[in-house]
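Undergrad: Let's have the full structure, built from the sequences with the hints guiding it.
Below, each chain spelled out in residue letters.
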Amino acid sequence: MNLLAQLFFAVLLIIGFGFFTINVKKLIRNIKLGKPVDRADNASARWNNMFMVALGQSKMVKRPLAAFLHIIVYVGFIIINIELLEIIIDGLFGTHRIFAGLGLLYNILIGSFEILALLVLIAVVLFWMRRNVLKINRLSNPDLEGDPKKDANTILYFEMVLMTLFLVMNAADFWLQQAGVSHYIQAGSFPVSHFISPVFNGMDENAVHMIERACWWLHIIGILGFMNYLYYSKHLHILLAFPNTYYADLNVKGKLDNLESVTNEVKLMLDPNADPYAAPPADAVPSKFGASDVHDLNWVQLLNAYTCTECGRCTSSCPANATGKKLSPRKIMMSTRDRLEEVGKNIDANNGVFVPDNKSLLNDYITPEELWACTSCNACVEECPVNISPLSIIIDMRRYLVMEQSAAPQSLNAMMTNIENNAAPWQYNQMDRLNWKSE
Amino acid sequence: MSEVLHVPTMAEMMAQGKQPEILFWVGCSGSFDDRAKKITKAFVKILNNANIDFAVLGTEESCTGDPAKRAGNEFLFQMQAMMNIEVLNAYEVKKIVTACPHCFNTLKNEYPSLNGTYEVMHHTEFLKSLLDAGKLTISGGEFKGKKITFHDPCYLGRANNVYEAPRDLIKKLDAELVEMKRSRANGFCCGAGGAQMFKEPEKGTKDINIERTEDALETQAEIIAAGCPFCNTMLTDGVKIKENTTPVLDIAELIANAQDL
Chain A
1 MNLLAQLFFA VLLIIGFGFF TINVKKLIRN IKLGKPVDRA DNASARWNNM
51 FMVALGQSKM VKRPLAAFLH IIVYVGFIII NIELLEIIID GLFGTHRIFA
101 GLGLLYNILI GSFEILALLV LIAVVLFWMR RNVLKINRLS NPDLEGDPKK
151 DANTILYFEM VLMTLFLVMN AADFWLQQAG VSHYIQAGSF PVSHFISPVF
201 NGMDENAVHM IERACWWLHI IGILGFMNYL YYSKHLHILL AFPNTYYADL
251 NVKGKLDNLE SVTNEVKLML DPNADPYAAP PADAVPSKFG ASDVHDLNWV
301 QLLNAYTCTE CGRCTSSCPA NATGKKLSPR KIMMSTRDRL EEVGKNIDAN
351 NGVFVPDNKS LLNDYITPEE LWACTSCNAC VEECPVNISP LSIIIDMRRY
401 LVMEQSAAPQ SLNAMMTNIE NNAAPWQYNQ MDRLNWKSE
Chain B
1 MSEVLHVPTM AEMMAQGKQP EILFWVGCSG SFDDRAKKIT KAFVKILNNA
51 NIDFAVLGTE ESCTGDPAKR AGNEFLFQMQ AMMNIEVLNA YEVKKIVTAC
101 PHCFNTLKNE YPSLNGTYEV MHHTEFLKSL LDAGKLTISG GEFKGKKITF
151 HDPCYLGRAN NVYEAPRDLI KKLDAELVEM KRSRANGFCC GAGGAQMFKE
201 PEKGTKDINI ERTEDALETQ AEIIAAGCPF CNTMLTDGVK IKENTTPVLD
251 IAELIANAQD L
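Protein chains in written order, with full-length UniProt numbering: chain A, 1 to 439; chain B, 1 to 261.
Please note that a few of the clues may not be correct.
[What the hints assert, rightly or not] When the alpha-carbon atoms are kept at most 30 Å apart in a straight line, the in silico DSSO-like pairs for lysine-lysine are as follows:
#	chain 1	residue 1	chain 2	residue 2
1	B	Lys172	A	Lys437
2	B	Lys37	A	Lys437
3	A	Lys59	B	Lys181
4	B	Lys206	A	Lys135
5	B	Lys242	A	Lys255
6	B	Lys240	A	Lys59
7	B	Lys199	A	Lys437
8	B	Lys18	A	Lys437
9	B	Lys203	A	Lys255
10	B	Lys206	A	Lys62
11	B	Lys171	A	Lys62
12	A	Lys135	B	Lys172
13	B	Lys199	A	Lys359
14	A	Lys326	B	Lys242
15	A	Lys255	B	Lys240
16	A	Lys62	B	Lys181
17	B	Lys206	A	Lys255
18	B	Lys203	A	Lys359
19	B	Lys95	A	Lys267
20	A	Lys437	B	Lys94
21	B	Lys199	A	Lys288
22	B	Lys181	A	Lys255
23	A	Lys255	B	Lys94
24	B	Lys240	B	Lys37
25	A	Lys437	B	Lys38
26	B	Lys38	A	Lys255
27	A	Lys437	B	Lys206
28	B	Lys135	A	Lys437
29	A	Lys326	B	Lys203
30	A	Lys149	B	Lys206
31	B	Lys18	A	Lys326
[Unchecked claim] So these bits of chain A aren't anywhere near chain B, every CB distance computed over 12 Å:
#	residue
32	Asn2
33	Met129
34	Arg131
35	Pro148
36	Pro198
37	Gly222
38	Lys345
Please keep in mind that the hints were generated in silico from the structure rather than gathered at the bench. Idealized CB from N, CA, C, for every residue including glycine.
TA: Okay, structure coming up:
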């Protein structure tokens with residue numbers, strides 16, 4: 001490899017990682033638009049969650065076929081990326097298969113990469129068929145119409161092409177090794193690609209060399225491209241599943257947070273010595289109750305939105321969705337991310353300051369009809385393989401509807417009035433609470 | 001039914017200088033809903049029969065605030081919670097048992113940070129503990145050999161990970177426990193939670209309780225067991241709409257009936 005190629009490779013790497021870094025920074029900035037929430041406690045339980053749920057994929061196994069295919073792609077992704085290290089060193093220093101000196105270990109490594117690459121290829125083709133041919137309900141329902149569907153398929157095509165390039169590259173390399181071409185040292189074992197290499201028989205040495213180089217370059221360009229596509233796709237979960245499971249709520253699912261701002265006000269209301277006309281303390285920021293836009297959600301909820309990979313397990317287990325209601329927990333997450341992206345772009349376009357755009361998460365992205373259909377049954381939270389909670393967003397938005405807009409459905413207002421007046425959701429007198437005893 | 005229930009109130013106990021072991025939190029449904037009142041009575045019969053030292057708050061009890069909180073009215077919830085906590089703390093309540101998973105969840109999980117910390121048990125957990133301690137014997141009685149399916153209330157199961165206590169009790173009835181296709185952590189909601197009980201469902205193709213009732217009927221069970229007054233209502237309605245006669249009974253009713261209480 002000549003110096004020019006090495007230089008080109010270095011520039012390519014800098015552009016690839018540089019652009020990626022810019023997007024990661026943007027991602028972190030957007031997540032930080034959320035309100036603070038303390039998730040620094042109980043580190044051991046959090047590490048355990050991350051280890052079991054993200055790394056160990058313990059929640060995936062609920063659907064065994066998808067889990068099996070997914071684990072292949074997941075393990076393949078991690079293992080084959082060891083190869084990336086060699087590619088980068090070779091590219092920068094003009095070497096070829098720099099780790100070949102590892103001997104038997106190298107053969108084992110390359111051999112296992114090949115087998116994994118083939119398995120990944122098969123798994124990805126099956127994934128594509130589940131989505132496009134079998135049209136599994138959760139993978140083809142209306143939430144995904146348009147861009148999300150294209151996005152999902154783009155990711156699958158990316159993976160198919162990358163794996164194919166890897167195997168063809170090895171096949172050409174193997175063929176050149178057999179032909180004794182200098183530079184192509186005898187190294188690696190090729191349990192899969194040696195079946196491909198006969199297609200080069202009868203071809204000119206230079207042509208095969210060109211093919212090998214082309215695959216090598218396209219493979220690394222593809223990997224850098226894929227890495228940079230992550231930010232624009234639903235595929236961020238390969239990175240964010242880890243922080244997401246770490247920072248997930250550790251409480252039992254039934255427990256909702258008690259709003260502190262409300263606690264202070266209620267205490268004041270119940271305090272007989274409080275002066276109702278006292279001026280609020282000067283530092284009291286007028287707070288908004290609940291959430292109508294992404295700024296009102298906490299940063300973990302926003303991290304949830306970026307982590308969602310739109311698998312739809314939540315929606316397929318949602319009782320409201322199963323009975324034809326508009327609510328889809330997956331769509332709650334997708335809408336939150338879409339709005340967050342829009343807010344992020346607004347900030348980018350206005351020198352780092354958000355300029356109100358007369359839009360909000362509520363109404364423009366998520367309608368009250370969706371929010372009121374939720375039974376808070378936690379099926380979506382239980383299902384999510386990476387511990388996302390669509391329910392927490394739904395509850396925060398209901399809080400806004402009720403406490404800021406008094407926009408609850410009429411029957412719920414009646415229920416709440418009853419609780420206020422007679423301490424029960426129905427119109428019964430509190431003094432009759434023990435009547436059952438003698439009925 | 002002629003037997004008189006012994007239901008002391010906390011106020012009466014206090015007047016006698018006594019502190020009961022447990023507070024039975026009846027809940028709004030258990031106090032006012034005609035169907036749920038039967039569950040309340042069945043549970044009290046078991047408590048009386050086992051000589052459990054308990055009391056209720058009676059007219060001093062009020063809504064935990066759960067439906068308000070789930071509807072988004074945090075103000076109303078916290079008002080209710082703080083008033084209840086004041087009463088509970090005044091009586092120095094340590095242990096609460098309730099037959100409503102919604103009250104159970106709220107009292108157990110959402111009261112502590114508002115200064116209301118108690119040991120809270122669902123009645124199926126409590127009955128299981130009595131059984132384990134030898135204070136309660138369960139015999140099959142009329143349910144011997146019957147096929148019974150159990151519907152997991154969301155606020156007991158997924159919300160608080162209590163799956164086994166109600167099942168252990170059903171098995172003690174010498175009944176055949178049959179599971180629905182969606183059970184335990186995969187249980188399908190009855191449609192009442194999150195304040196849905198108090199409103200009409202949004203537009204859809206089907207009501208949630210019908211979908212769930214179909215799960216239950218599919219098991220061919222002779223009895224549908226529930227552990228929540230709201231689930232009970234939803235499933236009872238569902239069975240009626242499906243023009244079926246399978247009874248929907250609370251675990252407490254099953255045990256009380258089996259013992260002929």
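Undergrad: It remains to establish, for every hint, whether it holds in the given structure.
TA: Hints versus structure:
1. Lys172(B) with Lys437(A): 28 Å, holds
2. Lys37(B) with Lys437(A): Given pair Lys37(B), Lys437(A) holds - Cα atoms ~9 Å apart, limit 30 Å.
3. Lys59(A) with Lys181(B): Holds, at roughly 19 Å.
4. Lys206(B) with Lys135(A): The hint holds at about 23 Å.
5. Lys242(B) with Lys255(A): Between Lys242(B) and Lys255(A) the Cα gap is close to 34 Å, so the pair fails against 30 Å, i.e. violated.
6. Lys240(B) with Lys59(A): The hint is violated at about 37 Å.
7. Lys199(B) with Lys437(A): 29 Å, holds
8. Lys18(B) with Lys437(A): With a Cα-Cα distance of about 21 Å, the restraint between Lys18(B) and Lys437(A) holds, given a limit of 30 Å.
9. Lys203(B) with Lys255(A): Judged against 30 Å, a Cα distance of about 28 Å means the pair holds.
10. Lys206(B) with Lys62(A): With a Cα-Cα distance of about 26 Å, the restraint between Lys206(B) and Lys62(A) holds, given a limit of 30 Å.
11. Lys171(B) with Lys62(A): 26 Å, holds
12. Lys135(A) with Lys172(B): Not satisfied, since the Cα-Cα distance of roughly 45 Å exceeds 30 Å.
13. Lys199(B) with Lys359(A): Holds, at roughly 29 Å.
14. Lys326(A) with Lys242(B): 25 Å, holds
15. Lys255(A) with Lys240(B): The hint is violated at about 33 Å.
16. Lys62(A) with Lys181(B): Cα-Cα ~14 Å, so holds.
17. Lys206(B) with Lys255(A): 29 Å, holds
18. Lys203(B) with Lys359(A): OK: Lys203(B) and Lys359(A) at ~26 Å, within 30 Å.
19. Lys95(B) with Lys267(A): Satisfied, since the Cα-Cα distance of roughly 25 Å is no more than 30 Å.
20. Lys437(A) with Lys94(B): Given that 30 Å is the threshold and the Cα spacing comes to 24 Å, the pair holds.
21. Lys199(B) with Lys288(A): Holds - the C-alpha atoms of Lys288(A) and Lys199(B) are around 26 Å apart, at most 30 Å.
22. Lys181(B) with Lys255(A): Given pair Lys181(B), Lys255(A) holds - Cα atoms ~27 Å apart, limit 30 Å.
23. Lys255(A) with Lys94(B): With Cα atoms ~20 Å apart, Lys255(A) and Lys94(B) stay inside 30 Å; holds.
24. Lys240(B) with Lys37(B): This hinted pair holds, its Cα atoms lying about 20 Å apart.
25. Lys437(A) with Lys38(B): At roughly 10 Å apart (the allowed maximum being 30 Å), Lys38(B) and Lys437(A) satisfy the hint.
26. Lys38(B) with Lys255(A): 29 Å, holds
27. Lys437(A) with Lys206(B): 38 Å, violated
28. Lys135(B) with Lys437(A): Measuring from Cα to Cα gives roughly 24 Å; hence the hint holds.
29. Lys326(A) with Lys203(B): 8 Å, holds
30. Lys149(A) with Lys206(B): Given pair Lys149(A), Lys206(B) holds - Cα atoms ~28 Å apart, limit 30 Å.
31. Lys18(B) with Lys326(A): Outside the cut-off at roughly 54 Å; violated.
32. Asn2: Since the minimum Cβ distance to chain B is about 60 Å, Asn2(A) lies beyond 12 Å and the statement holds.
33. Met129: 26 Å, holds
34. Arg131: For Arg131(A), whose nearest Cβ neighbour in chain B is about 24 Å away, the distance exceeds 12 Å, so it holds.
35. Pro148: 23 Å, holds
36. Pro198: 50 Å, holds
37. Gly222: Non-interface label on Gly222(A) holds, nearest chain B Cβ at 39 Å vs cutoff 12 Å.
38. Lys345: It holds; Lys345(A) is separated from chain B by about 30 Å at its closest Cβ, greater than 12 Å.
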